[in-house]
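First to last, the protein sequences are chains A and B.
Numbering-wise, this note's numbering comes out as the position in the first sequence, counting from 1, plus 29.
Numbering-wise, this note's numbering comes out as the position in the second sequence, counting from 1, plus 145.
It is worth saying that the hints were derived from the structure and are not from the lab.
For each residue, glycine too, the CB sits at the ideal point set by N, CA and C.
Check before you lean on any hint, since a few could be wrong.
What the hints assert, rightly or not - Straight-line C-alpha distance at most 30 Å; calculated DSS-like pairs for lysine-lysine: (1) B:K169 with A:K752; (2) B:K321 with A:K751; (3) A:K184 with A:K397; (4) A:K58 with A:K489; (5) A:K288 with A:K489.
What the hints assert, rightly or not - Partial list, derived from the structure: chain A residues whose beta carbon lies under 7 Å from chain B: (6) E542; (7) G754; (8) H778; (9) D782; (10) A786; (11) L825; (12) D826.
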Amino acid sequence: MPKSQIVDPAQVRKSTKVSTPDIPVCAYKKTLKQERKQFSDNDLIGMYEDMALIREFESMLDQVKKEGSYQDVAYNHRGPAHLSIGQEATAVGQAFLLGVDDHIFGSHRSHGEILAKGMSAIRKLDNDSLLHIMKTFDDGAALKVVEKDHDGSIKDLAIDFLLYGALAEIFARRNGFNKGLGGSMHAFFTPFGIYPNNALVGGSADIAAGAALFKKVNQKDGIVIANIGDASMGCGPVWEALNFSGMTQYNNLWDDAHKGGLPIIFSIANNFYGMGGQTHGETMAWDIMARIGAGVNADAMHSERIDGFNPLAVVDAIKRKKELIEKGSGPILLDVATYRFSGHSPSDASSYREKEEVQMWQDVDPIKTYPEALKAEGVLDDAGHEAIKERMAKLIGRAYRLSIDMDISPRIDAEEIGSLMFSNKKIKSYDETRKPDVLIKKEDNPRVQQLAKKARFGLKDGKPVSKNRVYQYRDAIFEAINDKFYEDPTLVAYGEENRDWGGAFACYRGLTEAIPYHRLFNSPISEAAIVGSAVGYALEGGRALVELMYCDFMGRAGDEIFNQMAKWQSMSAGVLEMPMVLRVSVGAKYGAQHSQDWVAIVNHIPGLKVVFPVTPYDAKGMLNTALSGSDPVVFFESQALYDQAEIFEEGGVPEGYYEVDFGKPALRRSGDNLTIVTVGSTLYRALDAAKELEEKHGMSCDVFDARSINPLDYEPIIESIKKTGRVVLASDACARGSVMQMMAANLSHYAFDYLDAPPVVVGARNWITPCAEMEDDFFPQSAWIIDAVHENIVPLDGHVVTTNQRVAEQLRRNRLAI
Amino acid sequence: MATPVLMPKQGNSVESCIIVQWMKNAGDQVNEGDAICEIETDKSTFEVEAPTSGILLETFFAADDDVPVMINIAAIGEAGEDVSALRPSEAADATAVEEKVEEQVAVQAAAQVAAPTPTAVPAGAQVGVSPRARQLAASHAIQADQLAGSGPEGRVIERDVQAAIANSPTLSAAAKQALQAGGVHAPQQGSGIGGMVLQDDLAEGAASAGMATAAPSAANYQDIPVKGIRKVIAERMHASLQNSAQLTMSSSFCAESLQNYRKMVKSQGESLGLPNITINDMIVYAAAKTLKRHPQLNAHFIGSSIRQFSDVHVGVAVDTDRGLLVPVVKHADKMSLSELSSTFKPLAVSCIEGKASPDDLQGGTFTITNLGSLGIETFTPVLNVPEVAILGVGGLQLKPYQDSDGEVIFKQSIALSLTIDHQAVDGAPAARFLQDLVNTLEHFDLALAE
């Protein structure tokens, strides 16, 4: 809580009541005659054309899935097709006013939104811009296909390009907008302002909030729309995103240039069903979805229900909401009432709804009622109407035949996917045109001045320098971040207690004075929104550094880490970069829900770089690397080590910039008879064990600190095993399924012929973490390592074990699931 | 409710017994007290009697199964009764006993957080050869799987191969190649320079035992499981050498006095009702009397204290088919020679027949082991811990003596080897005991007068 605001008990305890603004429901009353004053006939007909295009596109997919052909050309599409037949007016009405700087994020049911936004962009962009986009995107791969034998205008060519790029993506072809790696549920095309659609229900909410944060912090043009469904309003992360977008600090604490809520519309395509569950009346509490806005902020998020079956009502709403956002009055919530005639997916027989209900909605289907209204008003005639329908069938037919042809539209070479998992770039600054916003000069920062007096190496004449005089791990974290704040203007850092408090572990102390609110702020305790918004911020082209205060909170951000942060670079086929660092602090002393090392969980997920530095030198060097890259990095830290001094690099931690490359494990001690590999703070206990093994048993050890878990270069460890023949692996993670087990299995494989004993893993017990006083019985101690060597690798003369590391005991524990 | 038949606990130290044979079969009518099966401990054979009368409903273990004590081995009751509640859960495979014991050890170890130090196990029981050791062995033409492993659970590890290499003869390149090809073995010493083994030195077939390159083929050896008495002996002997400071001293005595006395008993003993007294009986008798004067040798070493006994109970080693057994002649110091002789003989017979009771085999304060009849001259007996002394008796041999005229004459003599635990007894008192014993044996008539 910032000191500038007082929580006054007199105010808090005063008797009053909460009142909320009225929430309009379908308030739009204009007639077509009235609307003709502001819309040209071309605009009005264009809206119908786009609706008809989407209806034909979706009907084609429906036919292909159900009948295996379209326009008498057979094709078997194995992938998904979540159709939005019936929702066309919603998509077209929304896109009508949007420019390419307005970014939409979608759901698994967003084909209509892609096409509507694409058509809107084609109408607004001039020919040169369109050609430039088509020629430069993917080196013109899709353009080359559609421009062959094309004799129409550039805009017509662009429509073919849009349809082909989207359909080739849905059919998983190399010429698709994302080389077929996104597919139906994830297709997007950023040059037209179409950002990722998301297969996780509500997945786009916090990502879109992050995109809006990017626009706000970096003062970019345009708004952001999160197109999610009514069922997503039951998802926790969606609620987190609503709250995150409306934090009061935007108005109360951020400077004038950045004041106001996030420029975002949560546009809920309310079709009343989440798969087969009826949100209205069955699975949700809110009755009318628009009501939710009242629970978020004093403006009720300017929420209202609008008629999604009337494109003009939607255009009207977007116009009014954009104006509110431009006044800094976001975020906005829209309950866009609509209906899908198609099932959730082709396998859905609609057994959960009455045919009469579907018929009632079909009677007011805008694809029929809107052109009839245009005809009644004299804007369109029957011949024009028929011509449009024929033209759409022709356009879709052409795109269909091109995209199913394996010669014209082959699939990507599978091995290429590997090269798209990471972007592996070195980028000092994501915007070199701007000077970073800071409050003071770096040299005036009291912490920078204080650090100048610290000993940057932890030993003097072989003895440890006192904690108060030595440069610590937390200082290394601070220094890397502070330096980057002065280098990359797009860098933002947020999380719980990052400002004022300085982070729960004092890594950020000294930043509050130096960095303005819009670059360093306290987030709500919303782990999903913290990580999800960082994903959105990064894929918009900004560098995000966010924090989970305890590793144990990772579960709260599960989807955001596993499906979003990890996947968007590769699912975009390299269109997006993900310059995002997630700092994760591994706890201790706080028991079962605050002391877990979950490195293995993120290491398992493809698409993440995972590091765990345990020395100040590595902490600064690896954070520098992470903050100068273009890939998502999960950066583990150990709370047991925040006051650790540097004791390995004799030159101490450099004051200037340097990087420690990911991949190579660090050799912390050298020997000939045993190899020890550790991850995390276990290193220091392993070094104690190595010392004892050498002094008491003449067994000298190579001790490796596997500070980078993914990537990991095994070769130095294999070379060591060739020498020693023996390897013990230790970390504070529960042994079962830990990364040590993975490394042990790999080393058994890679160094089999050199092993004199099996690789032995010493991990934490497969228990809950007990109280601080009992942690030595839970986390591996140096004695465990020595006992494990004695029992499993080579008996040590005169050694008396104090723990049971025997195979029979391991078998027993496994039988008991502990 | 059917009545269970328990595997009895034959003495405190018995953990399991082997079922030798079932004397009654499932379905047989048995009466209370009938022997229903014969069991064997590491020390002896017993019969298990029916605790009640009825039908022997089921036997839970087969002959040759090693069954932990106090486990149900059978059930007796009325025909058709359900015995499932009595059936031990582990009955299915009694060979699992050893595994089970191991498991219990593991569980105990977990509870006490004190696992025993692993010891090297003999070749044959080892768990394998590490890949690294195998590679090193292959490059030096050594058969790694024939080495005794010093790794965990007896695994052959790199250092074992390195030791074997150090003990192997140097090989010429051609010899090495031929050895790696197999089918030949190298002598310990070759005919090349410095004893290098040349290809010509290689002999056909497998190497002889004890050599680093020994390679008996599967058909040429038989693995005999170490269990029962052999297991106990192995453990005791190993423990004996591990846990005591053994020192052996030798002497001999002129057997004339014993032989004369024996002749006398042989010729006239029968008429006097005396048993057939052997030389061994007389040595046991003399030792018992002598020990009475040397309590330091009639003692147990129990670590923190030395327990000297006022009575003398002499264990006498007996060679049996099952292995070495040591029946104990209780209160030997209080017995006459004929009493001692007639006490020991049936004890020895019951040992040989495998019928000695555990009580007969316990409680010794001193042990005598006699290999004289096998032509052994002298040897170093291994202590029967916690006893502090053991006397080894060799065979008759001619030894020169000087007679009163200074002439050298040959007389029958018997060698004595006394092994003591130097932790408990010093050399001099042990030597004095041996000297006293020699004296007693050489003047056996006087000893009898005591």
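For this session: May I ask which of the numbered hints given earlier this structure violates, with the numbers listed in increasing order?
Result: 1, 4, 5, 6, 8, 11, 12
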